[in-house]
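Can you build the whole structure from these sequences, using the hints too?
Protein chains in written order, with my numbering: chain A, 1 to 556; chain B, 1001 to 1199.
FYI, nobody ran anything at the bench for these hints, they're computed from the structure.
Quick caveat, the model's predicted, so the values are computed rather than measured.
Treat the hints with caution; some may be incorrect.
[Claimed, not checked] Quick list of in silico lysine-lysine cross-link-like pairs, BS3-like style, CA-CA up to 25 Å:
1) Lys284(A) to Lys1051(B)
2) Lys269(A) to Lys1080(B)
3) Lys89(A) to Lys381(A)
4) Lys265(A) to Lys1080(B)
5) Lys281(A) to Lys89(A)
6) Lys1168(B) to Lys281(A)
7) Lys1080(B) to Lys178(A)
8) Lys381(A) to Lys467(A)
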Amino acid sequence: MNSLQKIFGAIAVVLYTIITIAPIVFALDRLILVSGFNPTFWVQSLDKNYVSQGTIGFTFIQSFFSTILTILIGFPIAWVLGRHSWPFKAFLRSILTLPFVIPAIIAAMGVLTITGPYGLDIRTEESTWWWTLILSHAWFNIALIIRFCEPVLSTLNPNLEEQLLLLPNGVTFYSRLKNLWIPVLAPAVAAASCMTFVFSFTSFALVKWITVRDKTLESTMAEVSSSSGIQGYMESSSDIVLGASLIQFLVLLISLWLMSVLQRKRQTKWQQASENLVQNKNTKGWLVLAPAIFFVQLPLLSVILGSLRVRDASADSTSFKWSTAGWSEALQGSYSFPPLSEALFNSMIYSFTTLIIALPLGYALASTIHILEEKNLHLSKILEIYTMLPFALSAAMIGLGVMLGIIKLNPSAAYDFWFLPVLAHVIITVPFVVRIILPALRSLDLNYEENAKVLGMSKLNRFLKIKLPLMKGSILVATVFTLAMSLGEFGASFIVARNSEWTTLPLLIDSLRGKPMKDPLTVPASNAVATVLMIITMILFLVVESFRNQKDRGMF
Amino acid sequence: MLNCRNLSKKFERSLFDKLSINLEKGEILAITGPSGCGKTTLLRCICGLEKLDSGSIFLNGKEITNSPAEVRNIGLLFQKPVLYPHLSVSGNLSLASRDNHDKALTEVGLSGFGNRDVHTLSGGEGQRVALARALLANPRVLLLDEPFSALDSDLSLKLINDVRALLKSRECPAILVTHNIEEAELFSDRIINLLDSIN
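Shown next, in the form of structure tokens:
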């Protein structure tokens, strides 16, 4: 590591610490100042306070059932997709994994359009909305099961199963399950389940809009965020936030540890074969794929159709007409809500500013980790874990961290520092950039670099003419991913964006849908904004898909 | 022992047509032919991993043409040894039998290898473990799909001799398919050229 690399790496680490870690530390300091340092009391306060009673149990139970249902729905799809050949397979895979990149607020709008008033009207029944939430989480996360399992299934050497068929302990279906399929698939299913549990555990938009009464730790934190961290004012809010944060942090930390263990298990080298050898035709597979496509696309179609389906303005009317009135309402805005164009502009500005900071910072961190791997493996591992820390923080925790942290430095900044949402988005996206760039750096063939050196190319030339072109696919994936995540970010923005001029597309959707239902344009206008966000996300997703290389199929 | 009558199989072209094979107890047969002529497919049909277009297979007088692979009790050694990476050498042998691992490993010259991780085995050692596992299952016939082709010539020669001796001592009938005539001559009692059988 030469001196220039050392300075470059040090700047990246310091900048990352200032942007991501400092606000969280400031926020904790402020909350502890109000609440006192008593972790047991923080956790106990969750069940003592009316606003947060039952949230721990609800969060764990709904995450557990969401994970089980996700596996039950996702695994047959992954199996059919992986073990059989299909026309337009890449397109099918994209369609079936699309929900994961769709912002949760859009999914919430789609589900609400189906189950809400003037839809099936089953939302307010407790037995229904509980399962609706579980099903929505499954909808959102089946992509994880598909992305983790399908590459294993589609490339596993068929000789492994054939050999087992010819051995006494592979004669029965159960023995093959025990001796082959469970060892092969368990790490992938477990890793996907672990991630599904985490996403369901920290789910916010879906819980906020689909459940009628119960709350998760995440939605409770968002609800009490405005009154937390203030001495002498509703101090129980600070207890709740600290208690919820502590539980979430521990759950996410354990999940991250589990994921890294499972990741190592997934590296077991099973003999692979080309997809052509593994996959055969199976027309019955459509019995799984066709309902799956319907299941995946239904909420998205509901958003589009819901933006054009307008209820008759007369009171208590249940007749509908097709109209663009919802779009006009969203485009024009009102005294209460900015027009769609303003929210789109804000979203674009925030996402591009996030990109300008997160991409170079993430690249610099990944590059530093990669260089350190050769010189000081121990330090590289510490830095890698350090860059993954934000993964252990939920969006609401990050939002609160940014807000309370900035209030500590300058209270008025919470309302007049437009950059605030970007800060939250950078904290969320940098770890993803590192996770995308680092494997790409690791897989670069050293010979290219060494050959360029022998050819007398300068360091800058080697970077611009060799490294950058070879890395362009991963850089583009990181770029698009950062833009998409920032555009669709809701949890942290919901807490941070205190100024109405900072309204982003997800926040506008949330505000419009929060209007009284007697207004016939409440649903169409919110769905119109959701449609715009959905189309932008889909375009970004298609760009990522076209640049995703074959080896990256398990990556997001 | 093994009677194959009028076996026919075609994919895009005919691989073998009305091929008949008779294999006696303890006999070792080699089937030769160039790459792509259908040797592997023939073995896969005999052990039940592929379906025949026509013809019938009898084992000890009992027809097994339509029996599933898992009940035929015919062993197969693949060209590249198929070892399960989540299991140790002994764990792989357990798929065939819970007992006699030490004896089986000694027979193939790998005494003391039971606890070894399969990743640490060389190509030849891996093939020996696969052979030990196949023999532990006590197959009525053993099929060998060019298992020596990926090994260097010295190792291949030693393994050919060792495997032949082992099969003869157990009187286990076997069919080896190979494109290497020398290998076929060294290993087998009798040789059939698959191309001759088509023409």
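ask   = Do the alpha carbons of lysine 89(A) and lysine 381(A) lie within 25 Å of each other, as the hint requires?
value = Status violated; Cα separation ~38 Å.
Mind checking the alpha carbons of lysine 1080(B) and lysine 178(A) for me, to see if they're no more than 25 Å apart?
It holds: about 23 Å lies between the C-alpha atoms, which stays within 25 Å.
Pair hint lysine 281(A) and lysine 89(A), alpha-carbon separation not exceeding 25 Å: 12 Å, holds
Next on the checklist: For a C-alpha distance cap of 25 Å, please report whether lysine 265(A) and lysine 1080(B) respect it.
Outcome noted: Measuring from Cα to Cα gives roughly 23 Å; hence the hint holds.
Satisfaction of hint between lysine 1080(B) and lysine 269(A), Cα-Cα up to 25 Å
15 Å, holds
(request) Decide if the proposed pair is consistent with the structure: lysine 381(A) and lysine 467(A), CA atoms, cutoff 25 Å inclusive. (result) The given pair, whose Cα atoms are some 23 Å apart, holds under the 25 Å limit.
message: Between the alpha carbons of lysine 1168(B) and lysine 281(A), is the straight-line distance 25 Å or under?
response: 42 Å, violated
Given pair status - lysine 1051(B), lysine 284(A), alpha carbons within 25 Å
Within the cut-off at roughly 20 Å; holds.
Checked against the numbered hints given earlier, the structure breaks hints 3 and 6 and satisfies all the rest.
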